[in-house]
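Use these hints to put chain B onto chain A, whose structure you have.
As a plain string of letters, each chain reads:
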Amino acid sequence: MSADAMLAFLVAALFAAMPILLAGLGEYVVERSGALNVGVEGTMLAGAFAAFALERLGVPPLAVLALVAGIGFAIGVGFGGLTVGLGCEPVVSGLMLNTLALGATAVGFDAVLEVVTAREGVLAASGAVAGLDPRAIVVATAVLLVVVAIVLPCTRVGLELRACGHDAEAARAAGVRVDGLRTSALALGGCLAALAGAQLLYSGPGTFVEGMTEGRGFLALAAVVCARGQLLRVVVFALAFGALTVFQFHAQSLGTWSHHLLLAAPYVVTLVALALAPGRVERRSTRVER
Amino acid sequence: MNARTRRGVAFVSGIAAIALLVGLTPPASVREPWQAFVLDLTRTAAPLLFSALSITVAFRAGLFCIGAEGQLWVGALGATAVATHSVPGVLPLALVLGSCAGALLSSIAGELRERRAVPELLSTLLLNFIVAQWVASMVERGPLRESSGQLTQSDPIVDAARLDGVLGVVALSFLLALVAAWGVEFLLTKTAFGLRVRAAGASEPAARLAGFPIARDRRLVFLIAGALAGLGGAIELLARTQRLLPEPFDGEGYLGIAVALVARLRPWRVVVAAIGFALIETAVKVAQTDPDLALPDGFERVVEAALVIGFLVFDAPRIRTWFARVRARPQAERSA
Numbered sequence: 001m002s003a004d005a006m007l008a009f010l011v012a013a014l015f016a017a018m019p020i021l022l023a024g025l026g027e028y029v030v031e032r033s034g035a036l037n038v039g040v041e042g043t044m045l046a047g048a049f050a051a052f053a054l055e056r057l058g059v060p061p062l063a064v065l066a067l068v069a070g071i072g073f074a075i076g077v078g079f080g081g082l083t084v085g086l087g088c089e090p091v092v093s094g095l096m097l098n099t100l101a102l103g104a105t106a107v108g109f110d111a112v113l114e115v116v117t118a119r120e121g122v123l124a125a126s127g128a129v130a131g132l133d134p135r136a137i138v139v140a141t142a143v144l145l146v147v148v149a150i151v152l153p154c155t156r157v158g159l160e161l162r163a164c165g166h167d168a169e170a171a172r173a174a175g176v177r178v179d180g181l182r183t184s185a186l187a188l189g190g191c192l193a194a195l196a197g198a199q200l201l202y203s204g205p206g207t208f209v210e211g212m213t214e215g216r217g218f219l220a221l222a223a224v225v226c227a228r229g230q231l232l233r234v235v236v237f238a239l240a241f242g243a244l245t246v247f248q249f250h251a252q253s254l255g256t257w258s259h260h261l262l263l264a265a266p267y268v269v270t271l272v273a274l275a276l277a278p279g280r281v282e283r284r285s286t287r288v289e290r
Numbered sequence: 001m002n003a004r005t006r007r008g009v010a011f012v013s014g015i016a017a018i019a020l021l022v023g024l025t026p027p028a029s030v031r032e033p034w035q036a037f038v039l040d041l042t043r044t045a046a047p048l049l050f051s052a053l054s055i056t057v058a059f060r061a062g063l064f065c066i067g068a069e070g071q072l073w074v075g076a077l078g079a080t081a082v083a084t085h086s087v088p089g090v091l092p093l094a095l096v097l098g099s100c101a102g103a104l105l106s107s108i109a110g111e112l113r114e115r116r117a118v119p120e121l122l123s124t125l126l127l128n129f130i131v132a133q134w135v136a137s138m139v140e141r142g143p144l145r146e147s148s149g150q151l152t153q154s155d156p157i158v159d160a161a162r163l164d165g166v167l168g169v170v171a172l173s174f175l176l177a178l179v180a181a182w183g184v185e186f187l188l189t190k191t192a193f194g195l196r197v198r199a200a201g202a203s204e205p206a207a208r209l210a211g212f213p214i215a216r217d218r219r220l221v222f223l224i225a226g227a228l229a230g231l232g233g234a235i236e237l238l239a240r241t242q243r244l245l246p247e248p249f250d251g252e253g254y255l256g257i258a259v260a261l262v263a264r265l266r267p268w269r270v271v272v273a274a275i276g277f278a279l280i281e282t283a284v285k286v287a288q289t290d291p292d293l294a295l296p297d298g299f300e301r302v303v304e305a306a307l308v309i310g311f312l313v314f315d316a317p318r319i320r321t322w323f324a325r326v327r328a329r330p331q332a333e334r335s336a
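Chains as they are written, first to last, in my numbering: chain A, 1 to 290; chain B, 1 to 336.
Treat the hints as calculated values from the structure; they're not laboratory data. Ideal placement from N, C-alpha and C gives every residue a C-beta, glycine not left out. The reader is advised that the hints may include incorrect statements.
These stretches of chain B come out as covered by chain A in the derived footprint (C-beta under 8 Å, 3 or more residues) [claimed, not checked]:
1) 114–123
2) 136–148
3) 257–264
4) 316–322
The following block holds chain A by itself, in its conformation from the complex (with noise of 0.2 Å):
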């Protein structure tokens, strides 16, 4: 391989992994905060098909972003309204979420591409998607991590959060709001997703699909599972994901490797990376409060 091809295919990974690096770092505040939302690839979806459908009404790349990261906010505090203020069973809760999430949106594509097409013709509605610059995303998503790199070790909300997923009992009893926290870092998580979700249809296909996810939510939340607490291993993940990704392109266009194999690939080194990553996970962050 060539320099210029080389570059070529870091430049193909970083983008790749971008939503699952922006969905895991959400994902990552929540984590720290003692939930789990496993509602990451819904909600991703929901923004993938937000952003689509704004763009498609005509709605400003600007507007549809700031609407894409409120949507992505109020499923996080409907999901936060749900698990934290009603104590509805968590996982369950999540698998729903992804599951309307890919029944409405198919639903609302299929109204879209209806309205669309009775205003402007077949053309429009299936036409590719003018968003913004993949480049600036990945800009602001390095800033965000940054962000969040400093304020949850370095700042009093950030200990506190920390604090709401060590021990939330001892957390409430040193007077921290344990559950507008949570919901709080859910919110985030949320409009991280969603934009997330809307990164990837900028970046990829220029429509939107149904489905079209594909469980990288999912291994936004196997990233930060896997990554045991430390933000620098979520990186590391996402952008690992993202260099396979690109890797199955290139493989699936020589035709040498089987597709299937390919598309279980990032499952399967996420599995092995489970069963091998050093120091036993801790149980907290999956254990379901009653």
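Frame of chain A, contents of chain B only:
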């Protein structure tokens, strides 16, 4: 009526209802619409029931396995591997292989949990994705691709392996699922193993203090849960599709979690909940084929998710205590 008589009445009336349904044997050619509906209903309920039972066993042991989906898939895969060849005893062999495949898949998650402390929630989820690709590759390029090589599906299973029998208007697969439900109920409530498992699920420290062999029991739970879902996958394949498709299931394993939780992890209630979910699914399917309504594609998922979320809210601890308080209030007033 005390609890015992109530249970007896429920049991007898349940048996009577099944006998009635089984007894209404219609000639195969003339079927009333409602009979076809019941048949369809029980057929739809069977895989849901198996996956929900699998989830029930795991959750009662305090294990958050969500791998029933993948286990259904490998169960179907294992059954196909045998059932496409005419070998003696093909039907039991296919069922056994299907259950073993499910159990094996589940035990991967079990070993990862016990040895490497990998959360089973995540490992089972990842295994579901891996299995999905594996099954698809087996029928697209692998050895199970149909011999004519035209479509991405396996050969049809041999006639001897078919399980599409109907007793009266009830699908045989559903009756097998009922037997499995009885088995799970027996295992959980009438055996020492069941007691240990429930104890470990309710409070691990307590079970540990009691000296229960928690690690060994958990491994067994993983195997049983996997075998149940694997068996469900095998039965569904032999009873319904009768050849392996690249995507043999559509989320039944995930829906099973909701079924099990709606039933509060009690096997007999799981039966009722599975029938309820199947009823909704069948009704939505009927509505979707109606051209007048023109329901869009993802509609059934929205209905499904909305229902489960609605139930979760209704069942949420804080809502439940609120209900209890509302119900208690009139009595308090009366006594005052």
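Going down the list of hints, with the structure as the test:
no.	hint	in the structure
1	114–123	holds (count 7)
2	136–148	holds (count 4)
3	257–264	holds (count 3)
4	316–322	holds (count 4)
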